[in-house]
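Chemist: Chains as they are written, first to last, in this note's numbering: chain A, 1 to 299; chain B, 1 to 335; chain C, 1 to 294.
Since the hints were made in silico from the structure, they are not lab data. Given the structure is predicted, the values throughout are model-derived calculations rather than measurements. For every residue, glycine included, the Cβ atom is placed at its ideal position computed from N, Cα and C. The reader is advised that the hints may include incorrect statements.
Sample of chain B residues at the chain C side, in silico, Cβ under 10 Å [to be verified]: (1) LEU84; (2) ARG126; (3) SER172; (4) GLY174; (5) PHE181; (6) ARG191; (7) ASP232; (8) VAL234; (9) LEU236; (10) ARG238; (11) VAL239; (12) MET242; (13) ALA252; (14) LEU316; (15) ASN329.
EDC-like mimics (lysine to aspartate or glutamate), calculated; alpha carbons at most 16 Å apart, straight line [said to hold, decoys possible]: (16) B:LYS8 - A:ASP190; (17) C:LYS174 - C:GLU35; (18) C:LYS52 - B:ASP48; (19) C:LYS232 - C:ASP287; (20) A:LYS30 - B:ASP232; (21) C:LYS87 - C:ASP98; (22) C:LYS87 - C:GLU172; (23) C:LYS174 - C:GLU202; (24) C:LYS232 - C:ASP75.
The residues making up each chain are set out below.
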Amino acid sequence: MAEIATAAPVPAAPPSRLAKTLRALVAQPKVIWGGGFILFLLLLALAAPFIAPHDPLAQDLMAGTLPPVGFAEHDAAYLLGTDDLGRDVLSRLIYGTRIALTVAVIAAVLAALVGTILGLLAGYYGGIVDTVVSRLIEIWMAFPPVLLSILVVAIMGSGVTSVIAAIAIIDWTRFARVVRAETMAQAQADYVTAARTLGFGRLAILFREILPNVAPVLLALLTLEMGIAVIVEAILSFVGLSVSSDTPTWGGMIAQGRQIIYQAWWVFAAPLAALFATVLAFNQLGDGLRRALDPVMQR
Amino acid sequence: MIASVLVKRAGMAIVTLFGVAVVVFLLLRVAPGDPIAMMIGAGASASDIADLRARYGLDQPLLVQFGIWLAGVLRGDFGVSISLRRDVLELLAERLPATLELAGLACTFAVVIGGAVAVLGTLLRRRKGEAVLDGVNGLLLAVPDFVWALAFVLLLGVLWPVLPLSGRMDPSVGVPFVTRFYLTESVLTGRFVIAGDIIAHMVMPVLALALPLAAVIARILKDGLSEAMVQDYVLLARVKGMSELRLVVGEALRNAVGPTLALTGVQFTFLIGGTVIVERIFAFPGIGSMAIDAVINRDLPLIQGLVLVFGALFILVNLAVDLAVVALNPRLRHG
Amino acid sequence: MTVPLLAVSHLNAVVGRAGNAPVLRDVSLTIARGEVHGLVGESGAGKSTIAKAILGILPHGIRITGGSIALEGEDLLTFDAVTLRQKLGPAVSLIPQDPQTALNPGRRIEAQLTDGLRLWKGMSAKDAHARALQLLEEVQMREPARVMRSFPHELSGGMRQRVLIAAAFALEPKLVIADEPTTALDVTVQKQILRLIRSMQERHGTGVVFVTHDLGVVAQICDRATLLYMGKVMEQGNVSDLLNKPRHAYTKALMEACPRYDQPGRGLAPVPEEVFAACRAEIAAFDQAGAGHG
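Let the sequences and hints guide you as you build the complete structure.
Modeler: Shown next, in the form of structure tokens:
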């Protein structure tokens, strides 16, 4: 049995398969520029203290509401202008990538974890497990997601942790729905029947045979979810429920900018543009990944 | 056969609604923080708080509280809002029409725009215009309602201020209304100036809600249309000498609409959910913006009532989509 | 001299982006008014391509490189899309191969029978309805009134093909293209449908291009026929001459391959490889000559 167990899974030789996958990825322009932008954001977040021209929290009331460079009465030291407290918009924007990306990655992974496990179980075991999970999904989807996330954060108290928890608690259904359907389809496939006749345990089949085949869809979904998480964080900040106000976040900047939009529209516009571009980049990357990794789409 | 399916759906809907109520109830009661303390603030004596707790039934065990609330709901008594100190049902009745008009208009708009883009894209297939249209659609598909709403605030409300930024209509309009469906009523009674003002207030929130849904509809409907356009019956109609527009609209569309609706049904419920934040951004006085305040104020009876209303809306939309799919397919309709 | 109903002359067509794979090689044929003309060949012989070229519905990728298709003396290839539609719509119609997919599943039979009448004859809904009923009776449809109200999925394959035949003759077209109209049907229904097409054609005096791979069908319904191989005309003429005195080896071989109901035990002999080789050599020689010109 032991010999069979080591010999049976994944017949293809790993290097050629990896090379093929990489080639497919590079061939997708969406992957290149979507992924490129995310990489750029990641660098900004990591190197924020070295790149940011000013301390994002430093107030300079003498230099309040300065417009971005190129507009009348600007100050060249503040590329994107300053807010009403004289804080540098560009520096706050750069530091804001930290929260945005942290939330995006951790929340999306958590949501994927919960959703994938529930989806796999429901799709593979069927019966009562499937009924329970499907009902749960149905109930969850009947909540307006924004309302539910606000509810969770209101209960747990504001802070990055509760924002992440809220996103995971709400968006697991996105993964569960897709993974459940995929698993149901895969469980009927010949190779699963073959594995079963070879005497593999159910869990072994689930994780060694089915999961790898669901992985491409999952990866694309995960990327899309990161984009959604960035938005949810911004929404919560906008409502005033995310992190404390002395940590710069895009959502917080937008909320603050909304208050002073007639005096200093750029405080509102800059983080909004960042949000726009980031969501678009995650979306394009996810779309590109789906096209590159999905064997059906490659035909 | 169809009737029995619908009865089964309705039964499941009730289970879902009950589940929604249970989840919210548990979430709120398990949560730390005392709504009464938030309500009367510091300086209240312990006995005052105890009195209030008793008045809102918060001193009872969980199961009893839930039973009392559920029994009330079944009698049409949703309790009294803690923060607004008014009957919850009354508040809902006051706010719901605004949200219904907003969501209804947004759905209609999304269907019209999405449909038009899909038809146009099909007419332009294999030409330059198609790629441009697909690109724009991809953009709309990627960016959610929240971001559109904010972008409209900036562009159409501030930088080029052509549209009112908040509210449902100009507050100086002192015209009495019989119902809370202000837009419907003003149109039906022929008060078009007021209707125009209401519409001006709704343009941005409606667009923000409609654009992402329109993009989804456009994408899926266009796929359906392309599939239908290569069918033999379209070829035959082409041989009959029908114009290209008539092939798309008269022949392909009717067979593509049903499957598109079935695939996009869930997206319509996303639009309902989207009203929460979009109403907030435009200070639109519907149940969505009320819901955010209710949650922040920990107003338990109001939150429960609102969540139930949202759940019911979700279920009704799903049911409507199911019915429409059946109605649009002659095989199901007569089968 | 009279102008023929349809004259295809020296038609050449290629497929592929490079445009170097010929699908039609200098095809010429004429069809007189009221004639049933068989286009015979194996799949890939180009018979459907000719039919589609006449109808102006060639799929993307196939390009006509030379020749003309004249309907009553007017070269169809010189018209723009809109003019072509207006010329062909009322004058040429199609009986398609597969009745399962050729009717719109979302429209009632009445709508599909009357749309052409309303578009090209400008009939009122009432007149078109009456005319459609009459057409259904003409194709011997039982319960025509009920059929009019039906959706396609409520009809059998034979009934659908009758509807399609009624639709094809609705506008009194000059030419009907029948694209293997019986291959998707039961053997028992096939004969009825063939007889129906023939009787409709005779009553209305319509010219018919009958696309088929079955010489038996040709014998049954066609006046004249054109035999194609790899997009080239192999033999052309009256059906009786073609079947009784075949001149080309390919025709002979095809007849051997055809099951004979009148002589059980004969037929079904495979076409000998040397016949194919001879055909291919002929085509290669033709292509060579063409290349010499160019």
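Chemist: A closest beta-carbon separation below 10 Å is what the hint needs, so does B:ARG191 meet it against chain C?
Modeler: Given a least distance of 39 Å, the restraint on B:ARG191 is violated.
Chemist: Tell me if B:LEU236 is really an interface residue toward chain C, meaning its C-beta lies closer than 10 Å to one of theirs.
Modeler: 5 Å, holds
Chemist: How about B:ARG126: closest beta carbon in chain C under 10 Å, or not?
Modeler: 7 Å, holds
Chemist: Please verify whether B:LYS8 and A:ASP190 have alpha carbons no more than 16 Å apart.
Modeler: With Cα atoms ~34 Å apart, B:LYS8 and A:ASP190 exceed 16 Å; violated.
Chemist: Between C:LYS232 and C:ASP287, does the CA-CA distance stay at or below 16 Å?
Modeler: Since the Cα atoms of C:LYS232 and C:ASP287 sit roughly 11 Å apart, the hinted pair holds (cutoff 16 Å).
Chemist: Was the hint right that B:VAL239 lines chain C, CB cutoff 10 Å?
Modeler: 4 Å, holds
Chemist: Close enough to count: is the Cβ of B:GLY174 nearer than 10 Å to one in chain C?
Modeler: 51 Å, violated
Chemist: How about B:ARG238: closest beta carbon in chain C under 10 Å, or not?
Modeler: 6 Å, holds
Chemist: Against the 16 Å threshold, does the CA-CA distance of C:LYS52 and B:ASP48 hold or violate the hint?
Modeler: Violated, at roughly 89 Å.
Chemist: Can the restraint linking A:LYS30 and B:ASP232 be considered satisfied, given a maximum Cα separation of 16 Å?
Modeler: 35 Å, violated
Chemist: Given the hint that C:LYS87 pairs with C:GLU172, test it: the Cα-Cα distance must not exceed 16 Å.
Modeler: 14 Å, holds
Chemist: Under the criterion of a CB-CB separation shorter than 10 Å, is B:LEU316 in contact with chain C as hinted?
Modeler: 26 Å, violated
Against the hints set out earlier in the document, violations occur for numbers 1, 3, 4, 5, 6, 14, 16, 18, 20, 21 and 24.
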